[in-house]
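K.L.:
Residue numbers (the working numbering), protein chains in the order written: chain A, 1 to 238; chain D, 239 to 577.
Hints in this document: simulated from the structure, not taken from any laboratory.
A couple of the hints might just be wrong.
Unchecked claim - Footprint (simulated), chain A over chain D, 3 or more residues, beta carbon under 8 angstroms:
| id | stretch |
| --- | --- |
| 1 | 316-330 |
| 2 | 507-519 |
Said to hold, decoys possible - To be clear about the criterion: a stretch of chain D counts as covered by chain A if any three or more of its residues have a C-beta under 8 angstroms from a C-beta of chain A, and this derived list gives those stretches:
| id | stretch |
| --- | --- |
| 3 | 343-353 |
| 4 | 487-501 |
Where is the CB? At the ideal position from N, CA and C, for every residue including glycine.
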Amino acid sequence: MLLAWGGLMLRFWLTGRINILLHPDYVWLAITAGFALLGLGVAKLWEALRLARRGIAITQPSESHANLLPPGWSSALLLAIALFGLQFTPRAFASQVAIERGVADTLTLTRSQPQSFRTNTRPEDRSLIDWVRLLNVYPEPDAYTGQKASVEGFVIHSPNLPSNYFTITRFVITCCAADVYPVGLPVRIKGDRTAYEQDQWLRVDGDMATETLDGQRQLVIQATSLTPIEEPQNPYDY
Amino acid sequence: MDRLNNALTLFFSLLVEAMPFLLLGVLFSSVLLLFVDERRLIAAVPKHPLLAAMIGGGIGFLFPVCECGNVPVARRLIVQGAPASMAVGFLLAAPTVNPVVFWATWIAFRDQPEIVFLRVGLSLVVAVIVGWVFSAQADLRPLMQPGVARAMPAVRGAATKPSGESSLLQSGTYWLGQADQPIRPDGSLSSSAIAINPVLTKPLSDKLWLLVNNIVQEMRELGGVLILGTAIAAIVQVFVPREWVIGLGQGPVTSILAMMLLAWIVSICSTVDSFFALSFASTFTSGALLAFLVFGPMIDLKNIALLLSMFRGRAIAYLFILAGQLTFLFCLLINLYIS
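Just chain D, with the same shape it has in the complex (with noise of 0.2 angstroms):
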């Protein structure tokens, strides 16, 4: 009995700390997607891939968005003709680069503020890395859901082609071994409707119900997944025998394999997800909660299905492989060399 009220104790307050936070960054990323316009930022965007790269992890700072938030918005940037490394590198970043998010992550780790630059830091290494691994693919088309790809722009690279083709046959409509269906680009001309984002036109006070109804459904879908979460934390917490969760979370590659198979479970929003690795912090590795806190806002089970709107399986497992390997080695050489 004393167990179970330990238990709701803890999920009370996780859930009380954590609620605040959950709808600041609900209340930061419908407030932007209610009165942001991405084409003037996208026309500021340096050509070369490593610079967009960092211009794209580095905007999370003004679009604070967790990360159900930051695929409408990157699916819009790349609508739009954003560079690719720019588009995966904000995918990536912006849910934890972003001051909701380094504020929570302040107020849970205040006694260890390595833990909340590291975070920050780590982050955007690892979407800025893979940014730039995205940028080798010049066109981003094949890899994009059919929908997405032909509200895509022609390519930069392909503009300066010599014209000696016919207009009507632009180059990049085949692609070697995509033999299943030919691209038409020609799509761009009736995708408007994914283009433009149709609320930036419309009277404030529509836009300003706009912003409730949406706050109130983000609160509606995120807060169910934060209770999942927040259970999850509490029971093991209190119900699995402490001995075994320290064994796990000891050993430098263990801990970080097991926060991070955690992190992709429990898919935890990443302005709440430090108040539930905080109930770890104890009895697991800095580079463990590091993984944790780095990995699961860019990848985890709720995103996929997200991601899932914008990419094709494909691009959905490199990004999933490059983030996850990147992580599990930055936050090994942690463990290793620095705590």
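Okay, chain A solo, but in the shape it has when bound (with noise of 0.2 angstroms):
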């Protein structure tokens, strides 16, 4: 059982996958975890090897803590869930969840304080989080308007915003993927949107407009040109 959970730790590492199940700050501390369980599970294999030599029977400790499960139940259903795992790839999140976590709501607050707050940066450096946050510190569309811009993201069609607007969008993460919420930008294309699917990762050049969207003046970019790019190995921004 400790095996398994070790082996399944290092395994989302190895695999890179862990960078869809966590903040990048915290990898660490899995990884640790990992090779502690790895450790344990070897330190109780060898136990049971040497008194199996021995012909003495492996007798469970004998004050037990009380608990919900039965201890036999809890085992089996790590055991179970870390062969699970193992087999199961974890999935970036997409469209659907970002529509029901609220990037429909457009400029979704962000809950991280900028940190750093950086006039000098040159508009089309700022990624959409930047963009985003800017928005929050200083909410005024105009002050914006003709900047241009450049992010990557992906596509959403948005149910509330016209066939010729979709919302270029990235998942924030704080902790773990249980806390992952979406930022998003309104971005106006020549034609329909049909054209881009969505999920589809995209890098949209442009400049900054303001337009009134479903009742509400906001900041959307004018795409003077989309160009698809490959899902980051880290899907999730900061």
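Dock chain one against chain two, each of which comes alone in its own frame, and use the hints as you go.
P.N.:
Shown next as structure tokens:
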């Protein structure tokens, strides 16, 4: 059981899938725990072998902690989940989760307080998250009109936007996948948004403009070029 | 299919994040079990019940155990003569007021540091108040399980009584309203098996093996609970309609009650429950998150079985009601006036 869990944690790490599960600051915790579990597993195995060689039956410690589950069930559950986890490939969240978690409200508040505020950043160097944070701090769309934008993210067809708009979106993670939340900006394109599938990753270059969408004045990106890109190794931003 | 994959991704994400902290908590509580002698600690506790309750709550920082480790420790504290206020203060505060839990909560709620500090502060306040209330009962024995009661030393207050009585019939032997059985204080002589932590006298290599075995055993038991709790969190997040959860989570009163009930049911360990709460962070009020984080470690479904090894049902009901009311009250104040 311990070996399986140690193996599971290390496998997520070695296949790079851990980026989908955790904020990178905490990956080392999972890796350390993986090694510790492996170590414990090896120690127990060694003990069992040693006892078996001497012909002593393995006895459970007598003082047991009362618990919700009988110990046997708990071990079985742990083992089953670990074995299942070894087969399972986690996938990054996509448009469905984004819409459910409220990217449709367009400018979702970012929960992170911006740690550094760089006013001298060139507009085209700002990431999607930088833009949304900037708008949170100074929510006046007109102030940014005409600035250049170049952001990466995936496409969401927000139901409350006209058909020549989609939302370019990214998830922000602070701890683990349980708390990822989407941020996005509307993008105006020529033609219909069905040319770009939901969940497709794009780099959007364009200029900022102010529009009234869904009864709200807000910043939109007027796209000049749209380049399909690969889904990044680490799909979240921070 | 997408939903299932999302739920599983969420599930494994929570598990992978929580596992290191569970391991750390288990490691600490096992080390504690094997290497610390509580008797020296008790000798240094102040007499005043409020101070004792504060000390009891504060020593969680020396004894970083989650709620599965704190009951055996509290039991040993009581048996070795710790005042009631200290033992109860420790019992309620230790699972939350300790460095491992503080760190885990910090990692989960980095963006809302107020949650971290309010969690620790509120837990301490509730634990101290309940501990203080319990000190009104000068002798805890009627509230304890017979085995523990027998093992307890004579009450401090009783020792100062005028010594006109027979030395064979000590004060506090019979209790009004407790006619079912007389309590026999002479039991304390035969109870050395509980009174002294038997492991402390063993050689180091044996201790290390016991340490490994204890860690593995606790991982085995708590891991199962962690998996169940995580599965509930993942299912609620992905499959329960969001409007429904938000509706429940936004009311200042309903959100607190819902999260307290959830805390009671999922019985997740305090070292990892902040990750569980995190998945509700965007939909529930801060007061409700705090109610979950403060109340859960004190009393939950799993914990009651443990507490029954120490207290009688009546005392557990007192603990449950007192801690629940205080948590609810404070969290409601936070919902109404702070956030």
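K.L.:
When the hints from earlier in the document are held up against this structure, which numbers fail?
P.N.:
1, 4
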